[in-house]
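2 protein chains.
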Amino acid sequence: MAAEIESAVMTAADDGVGFVSTQFVELFAPPHPLVLESGEQFGPVTVAYETYGTLSAKRDNAVFVCHALTGDAHVAGKHSTDDRKPGWWDPLIGPGRALDTTKYFVICANVLGGCQGTTGPMSIDPATGRPYGARFPFITVGDMVAVHHELVRTLGIETLLGVIGGSLGGMQVLDWAARFPNSLRSAICLAAASRLSAQGIAFNAVGRRAVTVDPNFNNGDYYHADGPKKHGEEGPRYGLALARMVAHITYLSELSIERKFGRKLQNSDQFAYQLQQETEFQIESYLHYQGKRFIERFDANSYLYLTRSMDYFDLAAKHGTLQHAFGRTDARFLITSYNTDWLFPSSQSRQIVTSLVQTGRHVTYLELESVFGHDSFLIEIEQLAELLVPFLRETYRRGGG
Amino acid sequence: MAAEIESAVMTAADDGVGFVSTQFVELFAPPHPLVLESGEQFGPVTVAYETYGTLSAKRDNAVFVCHALTGDAHVAGKHSTDDRKPGWWDPLIGPGRALDTTKYFVICANVLGGCQGTTGPMSIDPATGRPYGARFPFITVGDMVAVHHELVRTLGIETLLGVIGGSLGGMQVLDWAARFPNSLRSAICLAAASRLSAQGIAFNAVGRRAVTVDPNFNNGDYYHADGPKKHGEEGPRYGLALARMVAHITYLSELSIERKFGRKLQNSDQFAYQLQQETEFQIESYLHYQGKRFIERFDANSYLYLTRSMDYFDLAAKHGTLQHAFGRTDARFLITSYNTDWLFPSSQSRQIVTSLVQTGRHVTYLELESVFGHDSFLIEIEQLAELLVPFLRETYRRGGG
Numbered sequence: 002m003a004a005e006i007e008s009a010v011m012t013a014a015d016d017g018v019g020f021v022s023t024q025f026v027e028l029f030a031p032p033h034p035l036v037l038e039s040g041e042q043f044g045p046v047t048v049a050y051e052t053y054g055t056l057s058a059k060r061d062n063a064v065f066v067c068h069a070l071t072g073d074a075h076v077a078g079k080h081s082t083d084d085r086k087p088g089w090w091d092p093l094i095g096p097g098r099a100l101d102t103t104k105y106f107v108i109c110a111n112v113l114g115g116c117q118g119t120t121g122p123m124s125i126d127p128a129t130g131r132p133y134g135a136r137f138p139f140i141t142v143g144d145m146v147a148v149h150h151e152l153v154r155t156l157g158i159e160t161l162l163g164v165i166g167g168s169l170g171g172m173q174v175l176d177w178a179a180r181f182p183n184s185l186r187s188a189i190c191l192a193a194a195s196r197l198s199a200q201g202i203a204f205n206a207v208g209r210r211a212v213t214v215d216p217n218f219n220n221g222d223y224y225h226a227d228g229p230k231k232h233g234e235e236g237p238r239y240g241l242a243l244a245r246m247v248a249h250i251t252y253l254s255e256l257s258i259e260r261k262f263g264r265k266l267q268n269s270d271q272f273a274y275q276l277q278q279e280t281e282f283q284i285e286s287y288l289h290y291q292g293k294r295f296i297e298r299f300d301a302n303s304y305l306y307l308t309r310s311m312d313y314f315d316l317a318a319k320h321g322t323l324q325h326a327f328g329r330t331d332a333r334f335l336i337t338s339y340n341t342d343w344l345f346p347s348s349q350s351r352q353i354v355t356s357l358v359q360t361g362r363h364v365t366y367l368e369l370e371s372v373f374g375h376d377s378f379l380i381e382i383e384q385l386a387e388l389l390v391p392f393l394r395e396t397y398r399r400g401g402g
Numbered sequence: 002m003a004a005e006i007e008s009a010v011m012t013a014a015d016d017g018v019g020f021v022s023t024q025f026v027e028l029f030a031p032p033h034p035l036v037l038e039s040g041e042q043f044g045p046v047t048v049a050y051e052t053y054g055t056l057s058a059k060r061d062n063a064v065f066v067c068h069a070l071t072g073d074a075h076v077a078g079k080h081s082t083d084d085r086k087p088g089w090w091d092p093l094i095g096p097g098r099a100l101d102t103t104k105y106f107v108i109c110a111n112v113l114g115g116c117q118g119t120t121g122p123m124s125i126d127p128a129t130g131r132p133y134g135a136r137f138p139f140i141t142v143g144d145m146v147a148v149h150h151e152l153v154r155t156l157g158i159e160t161l162l163g164v165i166g167g168s169l170g171g172m173q174v175l176d177w178a179a180r181f182p183n184s185l186r187s188a189i190c191l192a193a194a195s196r197l198s199a200q201g202i203a204f205n206a207v208g209r210r211a212v213t214v215d216p217n218f219n220n221g222d223y224y225h226a227d228g229p230k231k232h233g234e235e236g237p238r239y240g241l242a243l244a245r246m247v248a249h250i251t252y253l254s255e256l257s258i259e260r261k262f263g264r265k266l267q268n269s270d271q272f273a274y275q276l277q278q279e280t281e282f283q284i285e286s287y288l289h290y291q292g293k294r295f296i297e298r299f300d301a302n303s304y305l306y307l308t309r310s311m312d313y314f315d316l317a318a319k320h321g322t323l324q325h326a327f328g329r330t331d332a333r334f335l336i337t338s339y340n341t342d343w344l345f346p347s348s349q350s351r352q353i354v355t356s357l358v359q360t361g362r363h364v365t366y367l368e369l370e371s372v373f374g375h376d377s378f379l380i381e382i383e384q385l386a387e388l389l390v391p392f393l394r395e396t397y398r399r400g401g402g
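Sequences listed follow chains R and C, in order. The numbering of the first sequence is the numbering used here, which starts it at 2 and goes up by one. The numbering of the second sequence is the numbering used here, which starts it at 2 and goes up by one.
These aren't lab readings, by the way, just hints derived from the structure by calculation. Please note: incorrect hints may appear among the correct ones.
Since the list can't tell identical chains apart, any single copy or any two copies may satisfy a pair.
With a straight-line cut-off of 20 angstroms between C-alpha atoms, the simulated EDC-like cross-links for lysine to aspartate or glutamate are [to be verified]:
#, residue 1, residue 2
1, K79, E151
2, K319, D270
3, K265, D315
Predicted model, so just to flag it, every value in this text is computed and none were measured.
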């Protein structure tokens, strides 16, 4: 195993999957709309997705990646030479990497309700010719999973080798195993929970409130008359940036903020004694920067819909008990949490694991050590690879692959 | 001791200090302005304060209470029969209570920069006849302490039996011991730190940003032309409420939110599947309520100035080291932290205690157990009383009282 890890790390500096393109497919066109968990019917849904590697002849090597709140389908590689950075989980995916694209066919899709290509509030409503805005239907984690699952079927895949995701992505993984129990052979759930805590709902409520009280929110109808502009050029810019600032604090650990910024000042060794300096401390400057960057790439309405879907997520409530939720799948589970993650603490992962054990499922759980708080699942690639490589290999082997 | 505690608890249901009035005094009038830590000169300063009990003939029984960020001088009793609630620390103060007003003379004053009677940004600038607003000078925790100390001198008290406070109040206690080392015989610092953490600065930055991006902030000049109106009737209402919502989350523990609210809905057993319902979960309704209540009693400019003073607070930086800061006082120290307080975690109190021990000071430290997070210092009165009663009695005895 050590040799494999070493190889994964060594090739991480290489080109990975290289250049990739986002693809689009229309699903749930009339007369077959998506039936949402609210009971409402909705369609058509355009799905933006990317794939890496090659689907095997037996169609038994596909791994689906579920992205987190503000992620997208572009999980690895670059779209063009102009890209400053590769996809959001690039170190994990590529030839010789943990999700080895010489072995596995990796799929990632932007979630329903998102703003990176899949139908969401900023998409044009065919009925009106204008963006949905607040007329977009209420969606749940289960609805996102239903769209993902339909995409996978459309790609000709009956059973996935694995579904993997962290945070909101991890919630999708759990929901997938409960909702489509025979469609996956492994479920890898990182830094997540079977339901959002009251504290998590509280922070989401603050973020949404920041957006909705911004005068430029205009009840969600802030898009340009000719259709949505580039992100960040219209709408509740200040509110969305503020929402990102507060959320960003919850993604970091106290230790990592203290180590990285501490009380260091941004441009001076001495206090300015000026209230108007809003970014005197480095941590302030960093948060303001994160807010600014975020509004360039994200839609405020999507932020409202997706955070609300997290609030609603409660697998036990939906299925009666967690045991019922997990009782119908033979998937092998790999659960990880991170010791400094206070947004999705280890106690929540242990609850999932306990229920899986009680249901007689195959489950492996580790609390990984990292200073990076909730963001660890995006950063601590080596520790994750060390588990993921043999776990997927064994899942594949047991499937007769 | 047990009998004393019992007595304190039993009388807590009684009238306490009864009816009280806020008093006002003008300090730092020309030609003796306050020299602020920024170097700027400022005055006059009106101070709003209350006292409970009677100053002894020897003037050796006075205890000064430093309030936290959004507190005020009204720490105990009621102003009139119309008051729904007594002062903010009422269960701690009164005949037979821990700060026993039959023995001690208790003083509390609204801080410099506040909005409850002491000169702050909403006060009228005598030079212009209009509220200071953003022209109010930059203030520090040390400046607040300088005003408190001058008030105490004005009341004819050379040496306080004790100075007590939690959170920002605890910072004042530490600063007091460093700045006026011979003016106090004991220092009681609850749920505080010798400097604000990067995470604390981060949350304050978010709260200030919520205020400053509110269009009604108007660079701090939002007061009515005829002078400030009642709190909450003008200015950045939405921004200040939002700041309070996020701050309020940091004052509670995850456990207490989970126990009190969990995922319970406010008005239904079933999800509404309506994004427009901003207070569907009880925790959301609670936070919105806290925001609304707060703007009725607090000024947004004061919020900016006071949170910034917390950010700046760094006793070691100011004095070279914590050992230097604490090296000149013979005060007895009592330090407490609370096991579920993640805003001012126990590690920060331990740092204070270590420095005090290294400096050869008298110091007692306990981490108290409470589910209430940072707010514990306001709520866990019995545990505090159990320490405070004998600690103050012994301090008094050692003073030859």
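Hint by hint, here is what the structure shows:
1. K79 to E151: Close neither inside one copy (26 angstroms) nor across copies (65 angstroms); limit 20 angstroms.
2. K319 to D270: Answer is between; shortest inter-copy Cα gap is 13 angstroms, intra-copy 55 angstroms.
3. K265 to D315: between (41 angstroms within a copy, 12 angstroms between copies)
Against the hints set out earlier in the document, a violation occurs for number 1 only.
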